[in-house]
Each structure stands twice: as structure tokens, then as C-alpha cells.
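Number of protein chains: 2
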Amino acid sequence: MPQKEALMEFLKVSSKSSPSSVAGAIAGMIKDGVPVDIQSVGAGAVNQAVKAIAISRGFLAPIGIEIVCSPSFADIDIKGETRTAIRFRVEPRYLRGTAVSSQSSDAFVGSKN
Amino acid sequence: MPQKEALMEFLKVSSKSSPSSVAGAIAGMIKDGVPVDIQSVGAGAVNQAVKAIAISRGFLAPIGIEIVCSPSFADIDIKGETRTAIRFRVEPRYLRGTAVSSQSSDAFVGSKN
Chain A
1 MPQKEALMEF LKVSSKSSPS SVAGAIAGMI KDGVPVDIQS VGAGAVNQAV KAIAISRGFL
61 APIGIEIVCS PSFADIDIKG ETRTAIRFRV EPRYLRGTAV SSQSSDAFVG SKN
Chain B
114 MPQKEALMEF LKVSSKSSPS SVAGAIAGMI KDGVPVDIQS VGAGAVNQAV KAIAISRGFL
174 APIGIEIVCS PSFADIDIKG ETRTAIRFRV EPRYLRGTAV SSQSSDAFVG SKN
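Sequence order for the protein chains is A and B. Numbered according to this note's numbering, the first sequence spans residues 1 to 113. Numbered according to this note's numbering, the second sequence spans residues 114 to 226.
Think of the hints as simulated: they come from the structure by calculation, not from any bench. Glycine included, every Cβ here is placed at the ideal spot set by N, Cα and C. Hints may contain errors.
[Claimed, not checked] Simulated DEER-style distance windows between Cβ atoms:
{"no.": "1", "chain 1": "B", "residue 1": "K192", "chain 2": "A", "residue 2": "E9", "range": "41 to 51 Å"}
{"no.": "2", "chain 1": "A", "residue 1": "S14", "chain 2": "B", "residue 2": "R196", "range": "20 to 30 Å"}
{"no.": "3", "chain 1": "B", "residue 1": "P175", "chain 2": "A", "residue 2": "K16", "range": "35 to 45 Å"}
{"no.": "4", "chain 1": "A", "residue 1": "E81", "chain 2": "B", "residue 2": "M121", "range": "35 to 45 Å"}
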């Protein structure tokens, strides 16, 4: 599944990432109008990513931005081994209603089943 | 934070829940027009919940429904101890643009910060 891979940059979150730091990064990008793609491998990392997204909602809500996320699977290569990563696309909820929604159909790419 | 608690039912996901079973439940409720509230406590449980949401996207995409989720925190009582749960509200992305969007403002309830 090499579609657009070269064009995409992921915010990589590990089990040791600080959720509030990641939340700050998410909020900053969203404020700048940039949708955020997060990648995490393993339950601990997924948990930190989800916490970061929840915290960033609190950063963005007061300025009227409500974000939503779409999780998907991706097979990635880590040191020669294939692992299943969870990716989260984070974007403003109202994106779909505006002219910026061009990438929306990508969101399903990488979903299992 | 007892707001609407009495009215809300959560799909409780544990670290032992089967993601595909939970995904089936999510897809069924969404097809019926019911937004889904998931509650999970602990990294393993959050991971299973996220996998379930990702899988359910694959169930719903072929019938033209794209879902998004909004994670939030909630302090809950488990056997007399206070634990922080992660809750996910799962709903169709286009909900906001329709007349059914009355519950949207609830989504922030329980967010930390």
C-alpha cells in the first residue's frame, strides 16, 4: 500500500510520548489548517496517542475548533519486521463541509477488511 | 461529572474484547442511526476499542457511511477506586451537517483541560 506514502508525514507517538506535548503539536497544526496524521505501534503507544487527541480537543474547543479522528490500520516495516500500526487522521469536524475536503477519501486507505 | 450519565449507555470494551465483535456492534448501531459511546479503561482496552473502530469503518464504508470518533476522558468509579476512562463517541462524519446533530455539543463533556 504505497499510495501517497512518500507525501505523508506522520507524527510518531510511542508509549513514552508525553500526551500533553503531542496534544500541543496537534493543536498547533490544526490551528494552522494542517490535518494531522499520527502513527503508533503497540497498545501503549495507541493509548498515548488517544490521550493526546483527547487533550488537544480541550486546547482547540475554546477557539471554536472541534476535532475528530479516524483510526485505520497500516502494515509498516520496523527493522525488517512487519508490524501493524494504528494511524489516526485528526482534523476539524467541519472540514467536510468546506472546500478543503479534497483528501477525505484517503481516510479509508489502509483500513483492514 | 454526572451530566446525562443516567441517560448514556456505554459499550464497555476491555483488553480482552474482540475488536471484530465490537466492530460489528458499532456498525450495527451506526446503521440504525444510533451514535455509539465506547468506554475503556487501560491501555490494552483503549487499543482494542481503537481497533474496533478502525474495523467498523471497513464495515460501513461500502454502504457509504464514514464514521469519525472523538475521544474524551472521564473519571469513573470502579470498586470504590477512581480510574480515568477513555470514552469514544463514534458517529457518522456527516451528522453535523444534518438535522440530527442535536447532541454534538455533548462531545466535549468530560474532556480534560
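Hints, one by one, checked against the model:
A hinted range of 41 to 51 Å holds for the C-beta pair K192/B and E9/A, which are about 43 Å apart. Distance hint check: the CB atoms of S14/A and R196/B are about 23 Å apart, consistent with the given range 20 to 30 Å. Under the hint 35 to 45 Å, the C-beta atoms of P175/B and K16/A, about 38 Å apart, fit the expected range. The beta-carbon spacing between E81/A and M121/B, approximately 41 Å, falls within the hinted interval of 35 to 45 Å.
In the structure shown, no violation is registered for any of the earlier numbered hints.
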